[in-house]
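**Student:** One letter stands for each residue in the lines below.
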Amino acid sequence: MEQFFTQLTNGLAVGGIYALIALGYTMVYGVLKLINFAHGDLFTIGAYLGLTLLTSLALTDHIGGLAGVLLLAVMAMGLVGIIGILLDRAAYKPLRTSPRLSAVVSALGASIVLSNTVMLVYGPSTRVYPQGLLPSQVFYIFGLPVPVMRFVILAASIVLMIGLYVFIQRTKIGTAIRAAAIDQDAARLMGINVDRVIMLVFFIGPALGGAAGVMVGLYYGQITFTMGWTYGLKAFTAAILGGIGNIPGAMVGGLLLGVIEALGATYISMAWKDAIAFFVLILILIVRPTGLLGERVAEKI
Amino acid sequence: MKLAAGRIKKPAYGAIILLWMIAPLFIGKYWTDVLNNVAIYALLGLSLNIILGYGGMFHMGHAAFYAVGAYTTAIINTAWGVPVLWLMPAAGLAAGLFALVVARPIIHLRGDYLLIVTIGMVEIVRIALINNVFGITGGANGIFGIDSPSVFGFQINGIVAPAHYFYLVTAFLAITIVLFYLLENSRFGRALKFLCSDEVAAEGSGINTAGYKLAAFVIGAVWAGMTGTLYASKMGFISPESFSFWESVVMFMIVILGGSGNIAGVLLGAALIIGLPEIFQGLQQYRLLIFGLALMIMMIFRPQGILPPKPRSYPIDKLEKNEVSL
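Heads up: the sequence lines are chains D and G, in that order. Numbering-wise (this note's numbering), the first sequence opens with residue 1 and increments by one. Numbering-wise (this note's numbering), the second sequence opens with residue 1001 and increments by one.
Calculated directly from the structure, the hints in this document are not laboratory data. Hints are all accurate, no fakes.
Which residues of chain D face chain G? A partial, calculated answer using Cβ under 10 Å:
1) L101
2) I112
3) M119
4) S269
5) A271
6) L281
7) I286
Predicted model only: the values in this text are computed from it and were never measured. C-beta atoms are modelled at their ideal positions from N, C-alpha and C, and glycine is treated no differently.
Using the sequences and the hints given, assemble the complete structure.
**Tutor:** And the structure:
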């Protein structure tokens, strides 16, 4: 029972991270119908930028651990968001009118460029996040231990997701994003600046991915330049699982995948941990390609 | 202009073939080995070209079929000592069967989804190899002690005498080019290209699209499997490292950058992507960065690749003399 509970909370924490990355995939897919293969690498850049800011600014020494980390995360999010906009300008904007698969190949090229840039700048070895920034206590729910870290990670991702959901559903700009996702041409006729919407989507998605990168650094304590690929694929699986183009779907899919993976690794096989997400991906695409909550984008796969 | 290009083309191809054939006489062991690698990747590129170039299916898990072929060869050879070249059909068969089973349920997926599923497939295969699935793949260390190929009792050691191996792999490459050229111009090849350009119209014209796509997958996999035999027998050992997702990316880039759907384009792609990094050794660490940039730039300025296939033409005078058939 205790093991189950430990893995459940671990799965939820990791799932929250998957969900944050998945939101970036789903938002870009919703508006452009493009799988942004480079999204996983933006997440890696977030993790590395977070590390750089953490070690160079020493903010945590001045204003305390939690506040410092929060401020850093916000800075990393902003920077990754700007890189996201630049990525769109360089790799996707010239291909708006070309066949969709050209953009996919360009995305792949961009992914290779970004991950190798990270490698050339930071070196190929694993980098270690400073420890002890966040409280490391354990508290008990019904006598079962939960490290505070997991709780913080899950809470932070849920806060970000609720924030995004409210922003998309309740604000005028959010409505514009939803309109552009349904029909770009009609949205343009209604006076919505679709280019601006795309730019915003390429800011918000990567920013959330960057936040997830910082969280992975804090949670696992180490980062590598190739991790974006694995996390990206898993988060994409999460987006498909919930229904791509569907924002609540990405959240549900992420949390669900995190739990499936954590429990699968414990009760089936640790060695096959990384394969579980791919089995889920293949299964969901064969059985129910629209995902659990249904694809908001009405189109045949 | 067009006439002049046509007149140069044949002698140019002849010169390239001649240069390729006599190259090992003039260059050292190291560069002969580079040419061997170019030839192996050319074979892989050509086999992927059936799926990606003619069929238009974005398949990025080709290393999985390559791995199945190589491991089939290694396992049977080390267990029962069957000569490796005899195992080529077995490796092809194993890879083809694997493709048949795997591709059947995913064949109908739309382009970008197929891409992601095939990436998942190649990752699952790699993880399975590392986890020593069925206890026969040797885990992360792989399999050692694979025999080198022998032709009529003549041992061809790919490491000690790359020049001998060069002619073996060149022979297989030549057979492959001829067969694939015939395939490209056959009823099958035309149907595949048609369904690639317009699937609904192809289906409307009575082409069994799912069947043709599956057949393309199986043919490509069979060839990748047989190339796996060549690779395993050249190296003498194989490990899951050699069949990672990046191998699939390299094959994918060879086809896309060279010119998907065109045999000459794929050969050029293999020469550029495998050969150039060897020439510019100093830039080795920037290799992937440059290829990534090349992919992005090509998609913007020349999405069809360096040497795209020429559209088929049906000249009236030849049609009447039955020299070309519709």
